[in-house]
Structure formats: structure tokens, C-alpha cells
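Novice: In case you want the letters, here they are:
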Amino acid sequence: MQDGWKRYKPRFLEHSDQASGMYKSLFNFRRLWKQSIVTTLAVVLLPLFTLAVVDYSISRKALESELLLRTTRLVSNLRRTLTSYLDERVFALNFLILDNSFEQLADENRLKQLFENLKSGLGEWYDLGLIDHTGTQVNYTGPYKIRGMNYSGQDWYKKLHYKEQETYHDSIAMRSDVSDVFLGFRMTPHLVISVLHNDPQGRHYILRASLDIEQLSAILSHFELSNNGDAFLINHEGIIQTPSRYYGTIMKQFPLPVPPFSPRTEVSEGEDHLGREIVTGYAYITGTPFILIVIKQKDTLMETWEAAGGKLLVFLVGSVVAIVAVVFGICTYLVNSIHQADQKRLASLHQVEYANKMASIGRLSAGVAHEINNPLAIINEKAGLIRDLFTFRKEYAGDQRLLGLVDSIINSVERCATITRQLLNFARNIQVSVQKVNLRQVVNDVLEFQIKEAGYRNIAVEVDIPAELPEFFSDRGKLQQVFINLVNNAFAAMKEGGRLEIRSRLNDDGTGIVTTVRDSGCGIPPENIERIFEPFFTTKSGSGGTGLGLSITYGLVTEIGGSIAIESTVGAGTTFIITLPFEYHADKGEAHAGTVG
Amino acid sequence: MRVLLVDDEEELVATLAERLDMRGIEAAWATDYRTALAMVEEKEFDIALLDVRLPEMNGLDLKRLIEARRPGMKFIFLTGHGSEEDFEACSAESGREYYLIKPVQIEVLVAKLNEICQGQGGRG
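Protein chains in written order, with the numbering used here: chain P, -9 to 587; chain H, 3 to 126.
Just so you know, these hints were derived from the structure itself, not from any lab. Computed from a predicted model, the values in this text were never measured in an experiment. There is no bait here: all hints are sound.
The list that follows gives simulated cross-link-like pairs (lysine-lysine, BS3-like), each with its CA atoms no further than 27 Å apart: (1) Lys114(H) x Lys372(P); (2) Lys301(P) x Lys51(P); (3) Lys242(P) x Lys288(P); (4) Lys114(H) x Lys426(P); (5) Lys334(P) x Lys24(P); (6) Lys45(H) x Lys114(H).
Just chain P, same shape as in the assembly:
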């Protein structure tokens, strides 16, 4: 894993710019990389996230208002149904009390008959009783023996009676009463509907009937309420009147506050006593003590929506991952390309400068050599003349000491001449582009400059270049630089007592010459070998190495159409293998010469 990352890790991440001036990188690549990734991601992802959030909240709001609307409609419908259910029964009793005189109603058989009719028409009646103006039940039909019971002390009676005393009530709503649900003697929940009547004789009496709440509950549960909905009645005191699924049993206190009176259907959002999010709808049922309550659990209602939202979220996350991957890849690729181009630019700048430097050195050495050569020639001739005089005229022939002095002058002149010729040779080879070269000669010229250092450092140098190797056309200056760089590199890698071997031979198919430059130096670790020809790669940190020597060497060998390879063992030494073709690719050489000039 670690190795894999190392292999694919872009080079620019490790880039550190040590150069200055014109050799400085144009960009900070890590920053460029980070900035381009962050900017691209921001530009792409921000609108995406914004759209996602906006869409999320809009559709959620739409769903919520739809939910409220649906609840409102449900509560209204239920209220209408309940109202008409109760009204129906009130009207039925009202009809009986209007259609029958007090005497008829007081007749046991008649009342029984009416009760049966009532049951067959509107069902669920429990009993039917007639109460006179004193509050005494004068007639009764039903399962209990409660005839003669006095109700004048009971609230519902007082209420009706009170109403009656206020004024004469013709409105049926004012003359009737629907009681709370209560258990009564029967210990089953029921409610009582009472209707008061004043007959023309001035008597007032009450027809009173009990009603099982089963049908009422059935109506409510019929509207039930998919998805954990709950519809039930409470009275104004908050006592639960019909069965509730979640908020307690009949006759128990409703756990939430009793909603305030409102003539219309009301819907609101909130939390119940257990902290669940709910939508509550309620309506006061006029003429009764009941409040219709409809409660829906919000989370289950939103479930389907959230499932769809989940899919969208997965899609969003997938898109984000894909976008990040693509942006990351493209930015890395682009920055890496820029980095490579920049490195190439720097390397060629270096190479141009290096070539310029060499050209300057060449001009300087030629100038110096010329200036020295003229006086040297005069010294040479004068000393030669003295020697000739000794030789030809015999005047001083006997003075061996003078002759020795003159010879020593002539020898010194010859030594100086050798140096200036070397300088001129060097200068000429810097400037000349393609010519016939003798590899053996080139290597010897190079070593001539280095042989002193080798001597000081006790480095053995062995050259094995067969004289019969053919001469070939190449750029002598570049070839010379290649060997200067390789020999310098070998010397830098070796301690005292090292050994440098330079060997040449024809390559296998006879199309070129293979030269190996082997040192017994410190060697190069395998992880560095693949980077050794990269510009600015150096292991000589702090010793002024630019890390360009071998990259320039690589460039030069490539330019003259050759190839260079490396073999190395840490601790044993390094071998550079240069293959030079006999066929010189002049186009490349000229292109380079152009940049130098």
C-alpha cells in the first residue's frame, strides 16, 4: 500500500524549490494543486448542495402543508358526521316528545312501543324514560328498575331546567342536552340525550334516552385513520369519551392540554406528552360537551417521503464522491503536466547556460592561449637561435652548462606550448559541432585534465579503449562534456584509493561503440537509480551539487543519438554504460548548437 502510493504519488508533491532567480519554478505546485482542487470543488459542489438543501426544504414544507390540509379535511368530515349522528338522535327524541302528549308518553305500553320503534329505526338505544317537571322519572322502559327515580339533583337536569326558566326555548338546540359519557349503573360507557318540552298546558317534561357509545366509537374508528392515526372524543374537562389508540382509555384524563375553544376546525403541529412529533386537529362539536380530537404521528407520515429522500441522499453522496474523484484526478494530472513542463524548462535553461558557460570558457582559453603563444614563440626562437649558435658556430660548444640552460628554456617553452595547445584544443572542441572523432583521443583529452586530481587522491585510472575502434562522426564537444561529467561524478563518489575503469568495445551488431565507466565508489541505492537522471535530483545535499550534472549528461548523450544506462550496487560501485551510434543524428545536434550560439 505504502509502496503503491509512493509509485503513483505525483512528483510535484515532493517538489521543493532550492533554486533562485531564473531557475526558480514558476509555480508553487502544492499550492496550485490544492487551490485548483478546492476552487473546482467549491464551484461544482456548492450549487449542488444548495439545490439539494433548497429542494429538501421545499418538498418537506409542501408535504407538511399537505399533511395539515388533509388532517383539517378529515377533522371537518368527522365533525360533520358526528354532529349529524347526534342531531339525528336529538331530532328523533324531539319528534317523539312533540308527537306524543304527556299522557301518551306516561303510558307504559305506549312508551315501550315508541322505544321499540326508535330502536328499529336508529338502533343502539339503551333505554327511554319520561321525567316530569319535578325531576321524577314517571315512566321508563329499559333493562333497569329505575322508574320513580328523582333526577332533580343532577347537573344535566339542572341545566335543562335552568334553561327552561330563563325563557321559553323554541330552538331545539336550547331544549336538548347531550350528556358526557359516563358509566352509570350499568358500568358500560354511554351517554344520555334529553329533550325538554313545554306543552300548551304549561307543563314541561323531559324525554330522556341512553345511547351506547359503541356506534359513536365505530364511526370514529371507521374513519381510522391509516398510519397510526388516532381519532377520539374528549369532553371540555379533558376526560376521554371514546376509545383512543394511544392517549388513554375511556374516562381517563387526556394527557395533553384541552385545546381552547374555536368555532372552526383547528390543526396544529407539536409534540405529545411522550415527545413524539404529532399533527393535532380538533373541533368543538356544538350542542355537545365533546371535542373531536384527531392526532397523527408525524414520523410515520413522513416515512415514505424520507425513504425517497434516502435514495436521493445516496445519489447525492455518490455524485459527490464521483465529482471529488474526477476533480482530484484531473487537477493532479494537470498540475503534474505543468510541473513536468516547468522542470523541462528549467533543465533546458540550465543546459543552455551550461553550454554558454562552456563557450565562454572556450573563448577565454583561446584568447589566453593566443596572447601567450606569441611571446612564447619569440622565447622559443630566441632560445633556439642561441642553441643554433652553439651548435653551428662551435664558439660555445665546449660550454655544456650554457647548452643545458638553453635546453631547459626550450623544454619549458615546449611545456607551456603543450598547455596552450590543450587550451586551444578544448576551446575548439567546445565550438565545433559535428566532426570525425576518435573516442580514445576524447577520453585521453578529458583525463589529461583530471589525472592530477586522481594522483592526489590515489585513485587508479585504467583506460582500455582499443586503438582499432573506428572513428565516427559525432559532436566532440558534447562527447567531451559527457566524459568530463562522468569522470567528475565517479571521482565524487570515491574515497582515496578508489579505482576508475573506462572500457570501450564495439556493440553486438557493430553499429556503435559501448563504453563503460565503472567506479568503485559508494554506489546508488535502488530507489534513487530510477531518478538519478532527473534534473535537480541530488544526493550531494549541502555540498553545492545542483543535481544537474547527470541530467545534463543524459541530455547530451541523447542529443548525440546515444543512450545511457546505469548499474549500481551500494558499497561496490556504479557503472555507467554509454552506447554511441556510428550514425550521428545531425538534426538534433544542430538544434542544440543553435541554442548555444
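Knowing the structure of chain P, use the given hints to seat chain H on it.
Specialist: Same frame as chain P, now just chain H:
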């Protein structure tokens, strides 16, 4: 063998001429092109030894002027400057082997002169 030496360094050409004389080679010298041309018109030479860089006129142009007057004369270029242009030009004019860089040992010069002249009857 008669040799004409042309170099702006009088010290050099005068000494060289004397030394060649001692070796039986008849040598005359000049330090500028006018004198050299006058001498060529006046007298016959086998070989001219010319400095590439002379005042007023370079050795190559001088070679052409002399050649116009004395066709068949041989030339050796002598220079203290091993520059590319000189080398290229001299090689084109006379062949690479007739290009010598100062200082030259007298034995080398004599050998070269003999080599060039051998078609004309060796030592004169």
C-alpha cells in the same frame, strides 16, 4: 629552398629566418603585407609561411594576392590563435596539415617544409 616568412612580430620572423638560414634554407621575412608583396614580385619563393592574423590584411587574403602573382607557390599558415574560424578557413585553403600553432619547434617546421617541397627537388 626559398621561404618567405610573414609575421607582424619582427623579433620572431627575424630570428626564425636566421635559424632557417643556418639550416641551409634561404629565408626572407616581412612584417606587413605590402613588404611581402613587393618581395614576392621582386624574387621567387617556393613556400610562404604566413601568420593568419596580420595587421591590415589577414593571411588568407594575402595568400590569394601572392598566388595571383606567383601561381604554384606553397603555403603554411602559422597562428597563435587556435580559433575555429581560423582553423576552418586555413584547412579549406591549404589542408589541415599545413596549419601550425605557435610556438613551433624548428625541427618540426623544417620537416614540414621539406615535406611540402619534396615534389620540387628537396633541399634547395
